[in-house]
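**Student:** Listed below, chain by chain, are the residues.
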Amino acid sequence: MKKDIILKVENLSKQYRLGLVGTGSIGHDLNRWWSKVRGKEDPYLKIGESNDRSTKGDSDYVWALKDINFEVNRGEVLGIIGKNGAGKSTLLKILSRVTAPTTGEIKTKGRIASLLEVGTGFHPEMTGRENIFLNGAILGMTKKEIQSKLNEIVEFSGCERYIDTPVKRYSSGMTVRLAFAVAAHLDPDILVIDEVLAVGDAEFQKKAIGKMQDISNADGRTVLFVSHNMAAVKSLCSRAIVLQHGETVFEGETNKAVDFYLKSDVANESAHYINKLYSEQSDILEVSVRDKNNSVSGIFGFDNQISLNVKIRTNKKHLSVGVLGFRVIDQLERAIFTSEIQLKDFIKFEGEYSFNIELPFKTLVPNDYKVHVAFHIPNQEIIRNLENIVGFNIEETGSGFHKYSGKDYGCVVLDNKWSLKK
Amino acid sequence: MDSNKEHWLYTISPNQKIIDLNLKEIWRYKDLLLLFVKRNVITVYKQTILGPLWYFIQPLFTSVIFTLIFNNMANIPTGKGVPAFLFNLAGITAWNYFRECLTGTSDTFKQNQGIFGKVYFPRVIVPISIVITNLVKYGIQLLVFIGFYIYYVFFTDVAFNVTPQKDIIFLPILVVLMGVLGLGMGMVITSMTTKYRDLKFLITFGVQLLMYGSAVMYPLSYFKEKLPNISWIVEYNPMTTIIEAFRFITLGVGDYSINKIIYASLVSLVVFLFGLIIFNKTEKSFIDTI
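Line order of the protein sequences matches chains A and B.
According to this note's numbering, the stretch in the first sequence is residues 2 to 423, in order.
According to this note's numbering, the stretch in the second sequence is residues 45 to 334, in order.
Bound-form chain A, shown alone:
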C-alpha cells in the first residue's frame, strides 16, 4: 500500500541562547549579519551542545532540538513522549508556528491546529457567544465554520444558560469548559494535542477524554499526541517517538517506545546520590533507586518492582543505638509512609554496609516521589538527615485508575477485600 505522508519533519533543529539576552547580543547579531552579507554560514550554528539541563555547559548556546526527522502518514496517531525538557514543547511550538526553527524544515499537506492551550484570547468583557467566535477565529476557523458548529459547541460546553453573559461572570470551570468545547470542535487536517485532559470536573473530563478518543479515532484524522500519561499514549497511538535532550532516541511501535522510555536513563540522574564528603565518621554514603535487575533507574511502570539501596558507614557507638530510616514523599509533599530499622538487629561490627529495601509492590499510585533518608539516634542525635535525596517517578502504565489520571484519588492502591454480604 502506498503511504500517504501528510507531514514531514526534516533535520529540524532549534537553538536557544542561554543566560541574558541583552546588550551583549548586539555584537553577535552584527557578527551574524556580517557573515550573511559575505554569504557565509552563521558562525553560531556550529557551536552549541545538547540540552542536558543538569550538567554545566561550556557554551551559551544549546540545541533544544537537534536533527529531528520523522514522517506522519495521513490518519495516523503519533505519540511524542519524553521527560520534561526533552524538547516536546519546543517541537510543538515549531509545529504550531509560534516560533521558527533554526535549521531544517517541516513540510505539511494539511492545516495544523493545536490544542496546546485552551481559551487563548478569551476576553472577560465579552459574552460566551462572542468569545466562541473570537476564539474559534484565533484558532483558524472561519466565521461560517463556527456558525455551523455553534450549537454543538454550546451544548458540549454545558453553558447554555450563560452563553450571553460576559465571561468574567463565569466560574473558572465554566471558562475552561467553554474553551475546551471550542478547541475540540476544530476541524483541521492535523491536530496537535498536548495534555489538556486535566481540566474541569470529573464529569467533564470523561467527556473530554471521550472526545479526544473520538477525534483520534475518526477516520482520516491525523493526530500528534503529546503526553506523560503512558496509558493514554498506549491506548491512542499506533506509533510513538521518544525525545531525549532534544534528540530522537527511539521511533517505532507504541508499546516498544513506552518500554524504551521507561528503561532509558533519562530520569536516572536524580535516582542516585553519592555522598562526596570524605570522612571516617558514621554517615550515609550512597542512596539509589533500583529496578528489578538491580540497576539504577528513575522511571518505573506501575507494576514494576522498585527498591532502594542505602549504603552507610557506622562506628561502634552508633552501631548499638543507631536507627536507619526512610520516608517516601509525594509531589504534594505528603508523607506516604516511613520505615526504619535498628542497626543492631542487622549488624554486629563497625564498617560499611549496604541495605536493600523493597518498596511495596503495585501500591504507590503513578506520581513523582521523593525519598528522605535519615541515620540517627532517636531524640538524641542526628548523624545524617538527607531530605529529598533521591527521586523516582511511577508512570501510568495501566493501574486500573488511569481513567482518573490527573485527579487525586489517594496515594496508594490497596488490595481491599470486597465481598458481597448475603
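Since the hints were derived computationally from the structure, they do not count as laboratory data.
Treat the hints with care, since some could be wrong.
[Unchecked claim] Output of the computed footprint for chain B on chain A, the stretches with three or more beta carbons under 8 Å from beta carbons of chain B: (1) 108 to 114; (2) 125 to 133; (3) 329 to 335.
[Unchecked claim] Far from chain B, some chain A residues (derived; all Cβ distances over 10 Å): (4) Y17; (5) K94; (6) T143; (7) V155; (8) H273; (9) T339; (10) E341; (11) D346; (12) N380.
Just so it is clear, the structure is predicted and the values come from calculations on it, not from any experiment.
Cβ coordinates follow ideal geometry from the N, Cα and C atoms, glycine included.
Given the coordinates of chain A, assemble chain B onto it according to the supplied hints.
**Tutor:** Below, chain B alone, put in the same frame as chain A:
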C-alpha cells in the same frame, strides 16, 4: 520522486526570504480581523461612566490650551478670518488619528505576547485591527470638529474666511494615508522593541516631538518665515503635508498641492512596506527574544 509528494500546502522553515508580505495568509484570516475590531470596539467602554465622551474631551481641552498658549500668548497667526480655536482643533483632529495608530500599534508584540505565544495567525492582523478600530474613534472626533465648524461659520462672525474647498472629497485619502503611515511606523517600532526595549521610552516623547514638527499648532508658512534654515525638517515631514492639506480642504488655509500629496503617499507606502517586511520577519521568532 512521486509528483504527488511535491504538493506541500506550506513549509515551516527558518527565515530565508527577505521580502515576505504574506498577503494571501492575511486574507485567509479576514474573519479574525473583523472579530478583533468588534472586540476592541465593544470592550473599550464597558464599565465607564462617560463612555465615548472621553473622545470629545481630549481634543477640546488640548485645543483650548493650544489657543491660550500659542495664539493668545505667543501670537502665532492662524490667518485672517480663521479662529485660532478652530485652527487648532483641525490640526489636533487630524493629528489624533495618526497618533492613535502609531502608539496603538507600536506595542503589538509585547501586549499580545500571551496569545502570540500559543497560537499562530498572521500577527499583522492585530495592528491592522487597531488601525481600523481607531477609525470609529476618529469618526467621533470628526463629528466634534464638524459641530464647532458649523457653530463658527453659521453662528459667529469671526470665521468669515472659513470656506470648505471642493477637494474635501479627498478627506478619506488623507485618513488612509495617516493610517498607513502610523501603522508602518508602529510595526517598525514594535518589531525592534522585542529585542531592544529602549525604544519604548523613545515612543512616548518621540510622538510628542513629532507633533511639534508636524505643523499641528502653527501654519507651515509661518514656520518658514520665522525659521527658514530648518524649515525643511517640517516641510518634508509627510504628516505636515497631511495636516496642512486637512486644514486647507476644511478651513481654506494651508499649503496644499497634488505633488505634495503624492510625495506623502509615496513616503507612507515605503514606510508601510518596510514595516510589514520587518514585522513579518520578527513574528517568526520574537517569542524567543521578547
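**Student:** Next, verify each hint and record whether it holds.
**Tutor:** Hints, one by one, checked against the model:
1. 108 to 114: Answer holds; 5 residues pass the 8 Å Cβ test.
2. 125 to 133: holds (count 3)
3. 329 to 335: It is violated, with 0 qualifying residues against the three required.
4. Y17: violated (7 Å)
5. K94: violated (8 Å)
6. T143: The assertion about A/T143 is violated, with a minimum of 5 Å to chain B.
7. V155: Given a closest Cβ separation of 17 Å, the condition holds.
8. H273: For A/H273, whose nearest Cβ neighbour in chain B is about 34 Å away, the distance exceeds 10 Å, so it holds.
9. T339: Holds: least Cβ distance 43 Å, greater than 10 Å.
10. E341: Its Cβ never comes within 10 Å of chain B, the nearest being 48 Å, so this holds.
11. D346: holds (58 Å)
12. N380: Non-interface label stands for A/N380: nearest chain B Cβ at 53 Å, farther than 10 Å.
The earlier numbered hints that this structure contradicts are 3, 4, 5 and 6.
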